[in-house]
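2 protein chains.
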Amino acid sequence: MKHSRQGAVLALLASLAAMPLSAQSTYDRVDPMIGTGGEGHTFPGAVAPFGMVQFSPDTDTTCVIRECYSHAAGYRYEDPTIQGFSLTHFSGAGHSDLGDFLMMPVSGDSVPLEPGNAGKPGSGYRSRYDHATEVARPGYYAVKLEDRGVQAELTTGTRIGVARYRTMSGAPSMHLVLDLRSSLYNYPGKVLWSLIRLRPDGIVTGCRQTRGWAPDRNLCFAIRFSVPLKGHAFVSTETDVPYKGFQGPGRGSDAVAERAGRALVARFDFGPLDQPLEVISAISSVDEAGAIANLASEPGDFDAIQAKTAQAWRAALDVVKIDAPAPMAKSVATALYHSLLAPAVASDADGRYRGPDNQVHRAEGYTFRSTFSLWDTFRAEHPLLTLVQPASLSSEIVQSLVASRKDSPHGILPVWQFQGRETWTMIGYHAAPVIADAYLKGIRGFDADAALAAMVASATYAPYGGLGEYMKRGYVPIDREPEAASKTVEYAYDDWTIARMARAMGRTEIAATFERRAGNWRNSFDARTGFIRARKSDGSFRTPFDPTAINYGSDYTEGNAWQYSWFVPQDQASLVGALGGDTATIAKLDAMFEFDNSKLDYSHAEDIAGLIGQYIHGNEPSHHVAYLYSYAGAPWRTQARLTQIVETQYRPTPDGLSGNDDLGQMSAWLVFTALGFYPVTPGSLEYVIGRPFLNRAVLSLPNGRQLTVIADQLDDRHPYVGKVMLNGIPVTRAYLRYDEIMAGGELRFTMQTTPNTAWATHPKDRPYSASTTR
Amino acid sequence: MKHSRQGAVLALLASLAAMPLSAQSTYDRVDPMIGTGGEGHTFPGAVAPFGMVQFSPDTDTTCVIRECYSHAAGYRYEDPTIQGFSLTHFSGAGHSDLGDFLMMPVSGDSVPLEPGNAGKPGSGYRSRYDHATEVARPGYYAVKLEDRGVQAELTTGTRIGVARYRTMSGAPSMHLVLDLRSSLYNYPGKVLWSLIRLRPDGIVTGCRQTRGWAPDRNLCFAIRFSVPLKGHAFVSTETDVPYKGFQGPGRGSDAVAERAGRALVARFDFGPLDQPLEVISAISSVDEAGAIANLASEPGDFDAIQAKTAQAWRAALDVVKIDAPAPMAKSVATALYHSLLAPAVASDADGRYRGPDNQVHRAEGYTFRSTFSLWDTFRAEHPLLTLVQPASLSSEIVQSLVASRKDSPHGILPVWQFQGRETWTMIGYHAAPVIADAYLKGIRGFDADAALAAMVASATYAPYGGLGEYMKRGYVPIDREPEAASKTVEYAYDDWTIARMARAMGRTEIAATFERRAGNWRNSFDARTGFIRARKSDGSFRTPFDPTAINYGSDYTEGNAWQYSWFVPQDQASLVGALGGDTATIAKLDAMFEFDNSKLDYSHAEDIAGLIGQYIHGNEPSHHVAYLYSYAGAPWRTQARLTQIVETQYRPTPDGLSGNDDLGQMSAWLVFTALGFYPVTPGSLEYVIGRPFLNRAVLSLPNGRQLTVIADQLDDRHPYVGKVMLNGIPVTRAYLRYDEIMAGGELRFTMQTTPNTAWATHPKDRPYSASTTR
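Keeping their order, the protein sequence lines are chains A and B. For the first sequence, full-length UniProt numbering gives the first residue as 1, with consecutive numbering after it. For the second sequence, full-length UniProt numbering gives the first residue as 1, with consecutive numbering after it.
Incorrect hints may appear among the rest.
Identical chains blur together in the list; that is why a pair holds if it fits in one copy or across any two.
Claimed, not checked - With a straight-line cut-off of 30 angstroms between C-alpha atoms, the simulated DSSO-like cross-links for lysine-lysine are:
no.	residue 1	residue 2
1	K230	K406
2	K764	K588
3	K244	K536
4	K144	K406
5	K472	K230
6	K308	K764
7	K599	K536
8	K406	K244
9	K599	K588
10	K723	K441
11	K441	K244
12	K230	K441
13	K599	K244
14	K764	K244
15	K764	K536
16	K764	K472
17	K536	K723
Please keep in mind that the hints were generated in silico from the structure rather than gathered at the bench. Computed from a prediction, not measured in an experiment: that's the story for all the values here.
Construct all of the structure, not just a fragment, from the sequences and the given hints.
Laid out in structure tokens, this is it:
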């Protein structure tokens, strides 16, 4: 298409896109309760886009470590009581931590300082509540706490959480309990140290050092009250302290200005109030001064902060305008919302943050971001952010990753990091595809040489995850390193993204090295069984081999041969060949989706949920698999599987997510899929076309253009793609390119009842593979 | 004296002062072993003047809290083994902490990682040693470690410790053990958290957070080796960790680049060496980066650092040149050395330090100093520093005190602080006399308004030590606050120093308020018994009353009525009157010194040592008492008591100190007393004349002048002062003024066999009292 003609078409399409969608904004369609039941592990509370603070109710934090899986986000829809509101939560994590600085308002004369028992509603400071009193919107949450006689509202800024508490009858005295002992995934000894103090200006500050998922995490807080404090108590419930030292000024818990220890709980008294109590809290991973400065950086009362954050959410969510029946619109709008929570802001207002070395650093000229669930999010979450957020966000993400590498004691990129602290969870060096994808999309503003050096350093750090062996042998040997099959194929893909970026930068030597390494998936492919398998150091595949087995420390990571044997994003076409061609591949895919699980029991594996045969939508290794039919020339089979997955795995209800949202990856999958395309291979700049689930959507791209996606005749009776038009021109291949999407305009699907088995089946029309040259 | 004549006399005396003293410098006379036995609690290791690092052997750190009193400085002369060398020690403290980062060199193939048992020499990594192999000089310590086959030498810079280790036979492989579990006054749970890591550049860093005397203390280290590391192990011996989290890169203790936990020990391997191993260590209370920067701030190898620190010590010690028989010269030279260790440098090379709020601050334009044992050191140690150190030191001390007040969560001045952390040990607000004494001596360079505000804030902070009651009643009531008698009289003196400074600054309102408060000692004086006693809130004195009782939580602080009833430094003349006049006072003083203790048992009270009747030289409340005869017109009795005290309480041997040196206070007492005068009332600018113990001394004053003190005919048979001449003019009063000392010249005592009962007895010739006008 010539440029002038393209311009004319774009102008035409822009006017089409301006046509009114449903009057309801995407913001209004979001339901933060989705995923708060079942094992979605999302939280219903208030958060700003990518906010440092996630202010949300915790229904129970008294479980111990692995018993707490169902309470990974603090709140569980099924629970009858709310224990309090804490300032930090993961959205959809499969492991957990956080729940920092739980606060509970209490009206009346009796102020319990213990949480009580979840099995005994009415005990302790916890309170019964009725879901009917709950209001959850982006940046806002409200509930009535029956036992505490308080109506509670929460909102947040980027680094602050604001609560507004009203007594529900009369004017009993108002109190606030702050329990520094409470935490998610708690256990005796998790709180290594904590400190609280009341400053002369009435601000309460403190810090807590915990030994949880992050092995040594420091978080500080600063809290300001809207009304004068009438009294307070700082109580230590710590027992068995051999040495108590000398006592500071004041005698008794009611008088001390500060207290430190491993088990602290505070009570603040405000007397009878004829106005609501507003409690403004800030956090900082650096120090109390950082928290105080964060508190000051976002002025305003509850209403002002709420309005500002609502406005930010409207802007962020209306980037994707949605026209679809209410349930689907709600699911997709909420998915978009859930995809805009991480990587969360982790630097203070003054730029300081705590890095992987647990030291304080300063982000100069950018905002440091953390909460990197990279094994999950490299797949669709990060690619989605490049489409729905300003390029500066992805640039800051890369800057944060590279800064973390610089500050890493190991000199490598983050694996699973939050608040700057590395947890070493999951496998791979998937910061590499995130960086490469951004770079290849033309996103700049970071030091590309430093980024490439960081990727190479991560891919060559022998002590990490069997990399020494991998570099020597071309595969990770299972007798030297657990989960060797998964590691081998994920490393090979990550290597390919390094090669792609190096090639684009003209770094041919690095490119050649990592192009070779990208082929290492073949070393784990067992042609006899057609599965990716773990090989031992003597070269043989480990036996016994059961492709349905799922165990920790097995050949695979949170999965088995069925799920992992499809992971060759860099060269899916060659995998089709290795499996024996199109027919064999399609048959194997069908066998996966239609596997009879009746004799299997996966109840021991936390992350295995959302099963369709051996396809497991609740966990990430399956996420691209439905799209693989298109690589075997059967895009209509992809369409059918997507229909099946969307219908069974996403419902706009609290228990509507089939598995952990995983910091937006489950949600980003739905946003892409609903729009009709999916990034099977981040770094390839291609999106495999699936089938749309929205009648119409307008995507406001970060370059200022708009892409309107229309699905003509879309309804349950028309689940197949008949034809695809991009800006009026038929698309006959099974993929879209990044530049096509970013050019904006109109992507129009015509849906039909029956499969179009002729569309995009020819090998030249199939999606990217390394073996094809484009 | 007219100025011109004074000038001529000074010129004459300067030429006299230039006459050669004993060839031996004061530096050469210092014996750091003095006080390392008995309960002196000094350490024999290497330290620079006021150095942040005190690198010294610990003979045993395996005791638990109060069992460790005898090991407060880590080293105990009587012990048969050395456990290792650690970087931080108090000099003479009565309580303890520190002992941070114990290291032990080990040659050979067997490297124990446990310290072994002090009762079983040969067990663990500890080693037997022979005192004959020990060399201790200012800034240098050496010993042969028999069981480890290593000759060890230690030296220090200001913020670094340097060790040089040589294998003693053949070339066995050399190792170093670093035990992060070791600490002084240790107990299970003291180490809240610790971290160690090997950086890519070969520097080892880490931090440790402890809960000891300082309730929450962070200290980091950086260590560089002079030869390449061949191997290492980071071992956690922690048991009972419910949740271990995910493992970082590397498997097993020998491969990990970092480890965190509550019980870590490290082994470093260097292989066989044909050269000594030098280990350069720095510390920082801020962070690892601070420790690394401190390490870099003092370049040079062992010999270079040792030479530089020796030069610093020569300069600092030769400020007082001494001519006296060897034992006395050694005692006084070592006392001067011990008085130049605290307040120690506490800020990093870049000015950052950790304050009382445990937050990081920066000292702009000065060096932040901590280790403030103020209850002890306000008496003679700080006044001594104003004579033997540049005024800038006292100025920096005041700046540090005022900065600490600014950073205090309570907004008050330090009480007993080290490494910036407040311990709340002992009583009073004795930073006030330190600041007032400096200000009234004309020392500037600090914000006097902020300093006065800090003093007033400390004196009016109601929650501290019964101050609310004290302000209301004019005394601390014993039924509301323990140790009320001691608090009342010490507050009253501190108040007087605030008044003095306020008056000098023209702040008349503050001056008037605190002049009134200065008289509060009378509210605790019981005219019937003649003792300072504790009063109850109903106004009555608490009974039963036993003036010899010493108990924690009693009416007094580490003492009884006998010691505390003399504490009215601001108005000793009025006390003489209250006691019934000169004769009664002298009789009571004699009764104190000659009390028959045979029926008393003070073995339960740690700090009660050095008894002469009820005079207890081993603890501070008695320190000024011998000088009080002069206030009752009997200076020859002061002289006799000083003879008695010096002869019995100071010997130039390891067990030669009769009590804890208390960060230089015991030593400063001796330096002053040996010179012939003593600051009974810091803030008064007067020194009570006692009797000299040196044949000749030359004091090089910070203003560039010299004061030569000569004691003609001094020997054991001439213990009394016959006459005193200052620059050729007879001194007929029992005190000297600060300006007279600072003017320099010659102070000449003529000693004689019998008391001169006519000298300085008239009321007008007696020392300062608030009731006299000068």
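Homomeric proximity label, K764 with K536: Cα distance no greater than 30 angstroms: The answer is neither: 38 angstroms in one copy and 99 angstroms across copies each exceed 30 angstroms.
Alpha-carbon proximity context of K764 and K244, limit 30 angstroms: So K764 and K244 fail the 30 angstroms test inside a copy (75 angstroms) and across (51 angstroms) alike.
At most 30 angstroms between CA atoms: does that hold for K764 and K472 within a copy, between copies, both, or neither? Answer is neither: 36 angstroms inside a copy and 94 angstroms across each miss the 30 angstroms cutoff.
Within a copy, between copies, both or neither: where do K536 and K723 come within 30 angstroms Cα-Cα? neither (48 angstroms within a copy, 97 angstroms between copies)
At most 30 angstroms between alpha carbons: which applies to K472 and K230, within, between, both or neither? between (68 angstroms within a copy, 23 angstroms between copies)
Are the CA atoms of K144 and K406 at most 30 angstroms apart within a copy, between copies, both, or neither? This pair counts as neither: shortest intra-copy Cα distance 47 angstroms, inter-copy 43 angstroms.
Taking 30 angstroms as the upper bound on the Cα-Cα distance, should K406 and K244 be classified as within, between, both, or neither? between (40 angstroms within a copy, 26 angstroms between copies)
Tell me, please, which holds for K230 and K441 at an alpha-carbon limit of 30 angstroms: within, between, both or neither? neither (57 angstroms within a copy, 45 angstroms between copies)
Between copies, within a copy, both or neither: which fits K599 and K588 at Cα up to 30 angstroms? Intra 20 angstroms, inter 98 angstroms, cutoff 30 angstroms: intra-copy only.
Copy assignment of K723 with K441, given that the CA separation must stay at most 30 angstroms: within (27 angstroms within a copy, 95 angstroms between copies)
Between copies, within a copy, both or neither: which fits K308 and K764 at Cα up to 30 angstroms? neither (50 angstroms within a copy, 77 angstroms between copies)
For K230 vs K406, is the C-alpha pair at or below 30 angstroms within one copy, between two copies, both, or neither? between (48 angstroms within a copy, 25 angstroms between copies)
Violated hints, listed in ascending order, are 4, 6, 11, 12, 13, 14, 15, 16, 17; each of the other numbered hints is respected by the structure.
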